[in-house]
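Sequences listed follow chains A and B, in order.
Residues 1 to 116, numbered by the numbering used here, are exactly what the first sequence covers, in order.
Residues 1001 to 1115, numbered by the numbering used here, are exactly what the second sequence covers, in order.
One thing to keep in mind: the hints can contain errors.
[Stated by the list, open to error] Simulated crosslink set (DSBU-like; lysine-lysine; CA at most 30 Å straight-line):
{"id": "1", "chain 1": "A", "residue 1": "103", "chain 2": "A", "residue 2": "16"}
{"id": "2", "chain 1": "B", "residue 1": "1011", "chain 2": "A", "residue 2": "38"}
{"id": "3", "chain 1": "A", "residue 1": "115", "chain 2": "B", "residue 2": "1016"}
[Stated by the list, open to error] Here are a few chain A residues that sit away from chain B, every Cβ distance over 10 Å (derived from the structure):
{"id": "4", "residue": "4"}
{"id": "5", "residue": "9"}
{"id": "6", "residue": "12"}
{"id": "7", "residue": "20"}
{"id": "8", "residue": "44"}
{"id": "9", "residue": "45"}
{"id": "10", "residue": "46"}
{"id": "11", "residue": "50"}
{"id": "12", "residue": "71"}
{"id": "13", "residue": "83"}
{"id": "14", "residue": "102"}
{"id": "15", "residue": "103"}
{"id": "16", "residue": "107"}
FYI, nobody ran anything at the bench for these hints, they're computed from the structure.
Quick reminder that beta carbons are idealized off the backbone N, C-alpha and C, glycines included.
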Amino acid sequence: AQKVTQAQTEISVVEKEDVTLDCVYETRDTTYYLFWYKQPPSGELVFLIRRNSFDEQNEISGRYSWNFQKSTSSFNFTITASQVVDSAVYFCALSEAQAAGNKLTFGGGTRVLVKP
Amino acid sequence: EAGVVQSPRYKIIEKKQPVAFWCNPISGHNTLYWYLQNLGQGPELLIRYENEEAVDDSQLPKDRFSAERLKGVDSTLKIQPAELGDSAVYLCASSPGTQGRETQYFGPGTRLLVL
């Protein structure tokens, strides 16, 4: 069975600080996909990134970067030079290639509060 | 390109009343999902449609919940009768297909409060 754990429930930082969100997953599948979504106060889940299990290259997109390590089953997310607009709940999610129907399993989310 | 549209955004009802939520997926997306998100938790799948067929409704409480996607586009999720514990956010998502690599795109959700 697939499982996603986000151990940090809430992180509070001051603007311009870096913040790293941890995500640890469990799966028996050799092919799987990892996602990060952002949920601002408006409620909509905004897709940020998808990474497949065969691609362990780290990725950077602007102030966002992701560190995927299969050896530790982790897919961590870093916001560099945080801004107030980054305040949101961030969810890590997993889908398995073998599972029917693109089933997404979400972690419990990490609330990020960026103070000015 | 328009995203997933949901209405209403907010709904307040008294317990035992019926309620319905509507979702319009991204154009061309054959797969539609309804999720339940309780406060402080991640979304959990209720039902998945491939075109007009409900192919995974194992998590849908069928005694009071029902859903339909008659023409394979828009979908409606209904609760009758609503209970206090149904207070949550109901999210709709869509994807082009059902492979694990497909990204699901979410709507803004309907926040339901049952009094």
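> Among the hints numbered above, which are violated by the structure, and what are their numbers in rising order?
Replying inline: The structure conflicts with hints 1, 3, 4, 5, 8, 9, 10, 11, 14, 15, 16, although it agrees with all the remaining ones.
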